[in-house]
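**Q** Take the given structure of chain A and dock chain B to it, following the hints.
Heads up: the sequence lines are chains A and B, in that order.
Just so we're aligned, residue 301 is where the first sequence starts under this note's numbering, counting upward by one.
Just so we're aligned, residue 301 is where the second sequence starts under this note's numbering, counting upward by one.
Incorrect hints may have been included.
For chains that are exact copies, the list does not tell them apart, and a pair is met inside one copy or across any two.
Stated by the list, open to error - In the DMTMM-like style, the derived pairs of lysine to aspartate or glutamate whose C-alpha atoms are separated by at most 20 Å in a straight line are:
id	residue 1	residue 2
1	Lys453	Glu557
2	Lys403	Glu692
3	Lys541	Asp591
4	Lys671	Glu320
5	Lys589	Glu665
6	Lys666	Asp434
7	Lys453	Glu654
8	Lys563	Glu534
9	Lys403	Asp383
10	Lys433	Asp662
11	Lys358	Glu375
12	Lys666	Glu710
13	Lys403	Glu449
14	Lys699	Asp527
15	Lys666	Glu588
16	Lys671	Asp434
17	Lys693	Asp383
18	Lys453	Asp383
For the record, the hints were derived by calculation from the structure and aren't laboratory data.
Given next are the chains, with one letter for each unit.
2 protein chains.
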Amino acid sequence: MPYTGCMQRMSQLFTRTLKEVSADEVAANARLLVRGGFVHKVMAGVYAYLPLGLRVLKKIEGIIREEMNALGAQELLLTALQDPAPWKKTGRWSDEAIDIWFKTQSGDVVVGLANTHEEPLTRMLTHHIASYKDLPFSAYQFQTKFRNEPRAKSGLLRAREFMMKDLYSFSRTAQEHEAFYEKAKDAYRTIFDRVGIGESTYITYASGGTFSAFSHEFQTVCEAGEDIIYIEEERRVAVNKEVASDDVLRELGLKRENLREAKAIEVGNIFSLGTRFSEPLELLYADEKGDKRPVIMGSYGIGPGRVIGTAVELRHDERGIRWPAAIAPYDAHVIMLDSKEREAEDLIARLEQEGIDALYDDRLEKQAGEKFADADLIGIPWRIVVSKRTVEKGMVEIKQRISKDSSLIEVQNVKIKMQNDNIKF
Amino acid sequence: MPYTGCMQRMSQLFTRTLKEVSADEVAANARLLVRGGFVHKVMAGVYAYLPLGLRVLKKIEGIIREEMNALGAQELLLTALQDPAPWKKTGRWSDEAIDIWFKTQSGDVVVGLANTHEEPLTRMLTHHIASYKDLPFSAYQFQTKFRNEPRAKSGLLRAREFMMKDLYSFSRTAQEHEAFYEKAKDAYRTIFDRVGIGESTYITYASGGTFSAFSHEFQTVCEAGEDIIYIEEERRVAVNKEVASDDVLRELGLKRENLREAKAIEVGNIFSLGTRFSEPLELLYADEKGDKRPVIMGSYGIGPGRVIGTAVELRHDERGIRWPAAIAPYDAHVIMLDSKEREAEDLIARLEQEGIDALYDDRLEKQAGEKFADADLIGIPWRIVVSKRTVEKGMVEIKQRISKDSSLIEVQNVKIKMQNDNIKF
Numbered sequence: 301m302p303y304t305g306c307m308q309r310m311s312q313l314f315t316r317t318l319k320e321v322s323a324d325e326v327a328a329n330a331r332l333l334v335r336g337g338f339v340h341k342v343m344a345g346v347y348a349y350l351p352l353g354l355r356v357l358k359k360i361e362g363i364i365r366e367e368m369n370a371l372g373a374q375e376l377l378l379t380a381l382q383d384p385a386p387w388k389k390t391g392r393w394s395d396e397a398i399d400i401w402f403k404t405q406s407g408d409v410v411v412g413l414a415n416t417h418e419e420p421l422t423r424m425l426t427h428h429i430a431s432y433k434d435l436p437f438s439a440y441q442f443q444t445k446f447r448n449e450p451r452a453k454s455g456l457l458r459a460r461e462f463m464m465k466d467l468y469s470f471s472r473t474a475q476e477h478e479a480f481y482e483k484a485k486d487a488y489r490t491i492f493d494r495v496g497i498g499e500s501t502y503i504t505y506a507s508g509g510t511f512s513a514f515s516h517e518f519q520t521v522c523e524a525g526e527d528i529i530y531i532e533e534e535r536r537v538a539v540n541k542e543v544a545s546d547d548v549l550r551e552l553g554l555k556r557e558n559l560r561e562a563k564a565i566e567v568g569n570i571f572s573l574g575t576r577f578s579e580p581l582e583l584l585y586a587d588e589k590g591d592k593r594p595v596i597m598g599s600y601g602i603g604p605g606r607v608i609g610t611a612v613e614l615r616h617d618e619r620g621i622r623w624p625a626a627i628a629p630y631d632a633h634v635i636m637l638d639s640k641e642r643e644a645e646d647l648i649a650r651l652e653q654e655g656i657d658a659l660y661d662d663r664l665e666k667q668a669g670e671k672f673a674d675a676d677l678i679g680i681p682w683r684i685v686v687s688k689r690t691v692e693k694g695m696v697e698i699k700q701r702i703s704k705d706s707s708l709i710e711v712q713n714v715k716i717k718m719q720n721d722n723i724k725f
Numbered sequence: 301m302p303y304t305g306c307m308q309r310m311s312q313l314f315t316r317t318l319k320e321v322s323a324d325e326v327a328a329n330a331r332l333l334v335r336g337g338f339v340h341k342v343m344a345g346v347y348a349y350l351p352l353g354l355r356v357l358k359k360i361e362g363i364i365r366e367e368m369n370a371l372g373a374q375e376l377l378l379t380a381l382q383d384p385a386p387w388k389k390t391g392r393w394s395d396e397a398i399d400i401w402f403k404t405q406s407g408d409v410v411v412g413l414a415n416t417h418e419e420p421l422t423r424m425l426t427h428h429i430a431s432y433k434d435l436p437f438s439a440y441q442f443q444t445k446f447r448n449e450p451r452a453k454s455g456l457l458r459a460r461e462f463m464m465k466d467l468y469s470f471s472r473t474a475q476e477h478e479a480f481y482e483k484a485k486d487a488y489r490t491i492f493d494r495v496g497i498g499e500s501t502y503i504t505y506a507s508g509g510t511f512s513a514f515s516h517e518f519q520t521v522c523e524a525g526e527d528i529i530y531i532e533e534e535r536r537v538a539v540n541k542e543v544a545s546d547d548v549l550r551e552l553g554l555k556r557e558n559l560r561e562a563k564a565i566e567v568g569n570i571f572s573l574g575t576r577f578s579e580p581l582e583l584l585y586a587d588e589k590g591d592k593r594p595v596i597m598g599s600y601g602i603g604p605g606r607v608i609g610t611a612v613e614l615r616h617d618e619r620g621i622r623w624p625a626a627i628a629p630y631d632a633h634v635i636m637l638d639s640k641e642r643e644a645e646d647l648i649a650r651l652e653q654e655g656i657d658a659l660y661d662d663r664l665e666k667q668a669g670e671k672f673a674d675a676d677l678i679g680i681p682w683r684i685v686v687s688k689r690t691v692e693k694g695m696v697e698i699k700q701r702i703s704k705d706s707s708l709i710e711v712q713n714v715k716i717k718m719q720n721d722n723i724k725f
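The shape of chain A in the complex, shown without the other chains (with noise of 0.2 Å):
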């Protein structure tokens, strides 16, 4: 059956464009996700999604599950609230070991909520793996991570609550692990590539921990970035600058000279961990010959939020977001002018009949101008105007966010041009 799409008429979506935006807003992502109605502003770093902004975590969600399950890895949804047991074990319990804890009290004893979760997942496996054939695997959530960040300034590239798709992965060995943690390098770069910010995105050696000389963070240039970092573009790679001292320079086999500087965005990150978990925490597997051992883990992580902050800051113009086409809230922008005549909205289900997605601006009350400059505030990627003049010829006129160049064409020619006309920001 082929895929009819889904039309959502303005006149009925409860969010409205936003003229004004509070003055302590000051992130150009905040600004725009705000006065598009894609997001509301709780509290400084804490942001309700609204319809359009879910339907684009939605999709990022969608992109990177899809990853996540080539991989092999496994979902499953941890918990916010913590027991500070494996924590304590681990020595991350203290507000000096993790200095953006949020803690609440349940009945007598202090709980945390979770800032990430090596600790309950690394616990509760113990439960479940007892054996060298219960590995290798990894696991995967979607889940709510809470952060007391002091500044959170940055709208949706450093938020207090965010959502988080962290991986983690369980080996025996080191070159198990190595193999694993390619492969989830290469799921890295696909992902950004796929919801459209992969050209500016660089992985990026940073600090790494006890367990390996670095791990890697996969950094979007951009001037909203809060990290520096040096590029070397004919390799794609680049140095986090808290550790490009010239030693690692040499290391790395990169020179100085060839490196720029640029601001970036930490988009992603994966992490050797060792056994930084499995030992004091005793996740430990029987080898072939009945010697335990403790598991290898790695862990990966990718805010899907973060990555709509970064998808705005790279993609807006003084009108508005011009949203990368994979993650944008529909495929089209569909704007009636002149009157609601039965021909226009004959048109307008075909639309729908071809399978497209579409924001269908069908408010009486509103004039073009308006329209217009609604449609390119929240930025998808078409627009499409049915009007007197386009109906005569049973025709729509079709435009792209990011051109000025529109053109007239039959109904059953969108979808195709839509298609093979790729964007390009």
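**A** Quick look at chain B alone, frame taken from chain A:
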């Protein structure tokens, strides 16, 4: 393109069934769900979802989402962290007013973890709703709630952290509200029918608050329930003991001698809120004459985790769970006996091609008895055995979880048999 099933090999699944559950886990639902590898208990009232449990949760979520969208409700996602301001305005911030708050420190201020979302949603909508033209509408979310329950010994029936579907309606008049309320009531009936607990679930008159005589609870009759209801079987309605005075029974046209007392689990509730929240939070709309009026609200909740717990309480025997088909983690539990011969693997690949989602017990090291016991514990509605004996005939042996009778059939008839022989518990 025909749907190809998803085949999860148990040799790859990282969870295992457990022989033991800690003695402090007293509720049948939690004991079975933990033993089957559906959930993991982190603390009292705090459960993580493992891959099998997450599949059940997502199936329930999918059914609810379809029915919410059919109502025309728009999905959004509010936050856990709560600014105290709107809660102070409605008088629900203090621990005396709401005795199950979790609160935490964010910088200098105390913030809450949401136990419900009337306040933040009502406040947020003051940015989007201004005129009678913006109404009516409804919005819903699947969002984690936090309730610091003093007793949390009922497994998934009363959790401290749990996902909730909460729907809110916004109307101009009492009449408009009532019309939506009745539609929502019907949607709830449909949901409980679809998830497989409809037959035991009664719409129940309960206390209504200030703005309506009654609210409606959906109560599932079950020995594990904490509520007492009086059921009028013929009309399929019930009254919560809390409000079942003689006066109330007379008002509802019920006769005490026709009522049967039963323990029940509240799996959903719907409330008329009137202007309880819109007045203090100033969610007003201008009517046709330009007069400002408070919006009339309703709220409608279902806890998918509680639905899971209830389904398990209702549908289990001494050997394990008996999932309703619509929310089972997989359609079939495929067991390979004897050996992984080429012909057997071919038969199983053909099940996958037939579009059957299956948990596939391919474990070589396990004995037949253990495999059968695991299948009974996990409780998937259909069990399909492939053995030397069946392979010789080019067939599989199929049996319902609830039945003792098995039959040999050809692979191409499996799907039809599963569709036609409806599971009756």
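**Q** Failing hints, ascending?
**A** 1, 2, 3, 7, 12, 14 and 17
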